[in-house]
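Visitor: Count the sequence shown with this note's numbering and you get residues 1 to 193, in order.
Do not rely on the hints blindly, as some may be mistaken.
In silico DSSO-like links for lysine-lysine, alpha-carbon gap of 27 Å or less [to be verified]: (1) 47 <-> 165; (2) 172 <-> 120; (3) 47 <-> 184; (4) 120 <-> 48; (5) 48 <-> 165; (6) 47 <-> 116.
Calculated directly from the structure, the hints in this document are not laboratory data.
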Amino acid sequence: MATAGVDEVGRGALFGPVVAAAVILRPDLELWLQEQGVTDSKALTPKKRQHLVPRIQSAAVDSQIGWVSVHRIDQINILQASLQAMRQAIGRLSPQPTQCLVDGNQMIPELRIEQKTVVKGDQSVVAIAAASIIAKVWRDTLIIRLSHRYPGYDLASNKGYGSPKHLAGLQKLGPTRYHRRSFKSCQQLSLLE
Numbered sequence: 001m002a003t004a005g006v007d008e009v010g011r012g013a014l015f016g017p018v019v020a021a022a023v024i025l026r027p028d029l030e031l032w033l034q035e036q037g038v039t040d041s042k043a044l045t046p047k048k049r050q051h052l053v054p055r056i057q058s059a060a061v062d063s064q065i066g067w068v069s070v071h072r073i074d075q076i077n078i079l080q081a082s083l084q085a086m087r088q089a090i091g092r093l094s095p096q097p098t099q100c101l102v103d104g105n106q107m108i109p110e111l112r113i114e115q116k117t118v119v120k121g122d123q124s125v126v127a128i129a130a131a132s133i134i135a136k137v138w139r140d141t142l143i144i145r146l147s148h149r150y151p152g153y154d155l156a157s158n159k160g161y162g163s164p165k166h167l168a169g170l171q172k173l174g175p176t177r178y179h180r181r182s183f184k185s186c187q188q189l190s191l192l193e
């Protein structure tokens, strides 16, 4: 019986896709990962998260990423997009898990696997914490790459979230094709164009 931990990142960002990771850990290595410092990705420095990724991968039976584009987020809303990204990540796992532990309080629709939601699961379940780290590092790497293409929004620092410099960039330059136009901050600034 394989259990996967699932988490998403980038839900509150104004720029870039929402990204989820699903991880099946070897049960005998969960304690070792905790000792290595695996916890909620938001509680770790970028350097520590980077350092933990190869350790998580070595302790995982499998880990996979799912992501949903800005265009799709604007079509179906961020909650549905987050759940879709989680479903994608789980669907890519091999072997398929028999159970999923999902961070938060929202069940993943159309998932044909037993699932259990865990509020603040990234703080209490090692597999969810591992998924949060994998997803965060993957998304941050993508946003940093995109920041070279779209200077002026301070994306390398804010990772697409609505920091003062990002909002100032939006006001001055307008939204890019990777901005979520269904989000209020992007709409108000789009009207200024």
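Visitor: Decide, hint by hint, whether the structure agrees.
Guide: Status of the hints after comparison with the structure:
Simply put, residue 47 and residue 165 have alpha-carbon atoms about 23 Å apart, close enough for the 27 Å limit, and the pair holds. Between residue 172 and residue 120, the direct Cα distance comes to roughly 37 Å. Violation of the 27 Å bound is thereby established for this hinted pair. This hinted pair does not check out: residue 47 and residue 184 have alpha carbons roughly 32 Å apart, beyond 27 Å. A threshold of 27 Å between alpha carbons decides the hint, and for residue 120 with residue 48 the separation of about 20 Å falls inside it, so the pair holds.
The straight-line distance between the Cα atoms of residue 48 and residue 165 is roughly 25 Å, inside the 27 Å bound, and the hint therefore holds. About 31 Å separates the Cα atoms of residue 47 and residue 116, which puts this hinted pair outside 27 Å; it is violated.
Violation of the numbered hints given earlier is confined to hints 2, 3 and 6; the remaining hints are satisfied by the structure.
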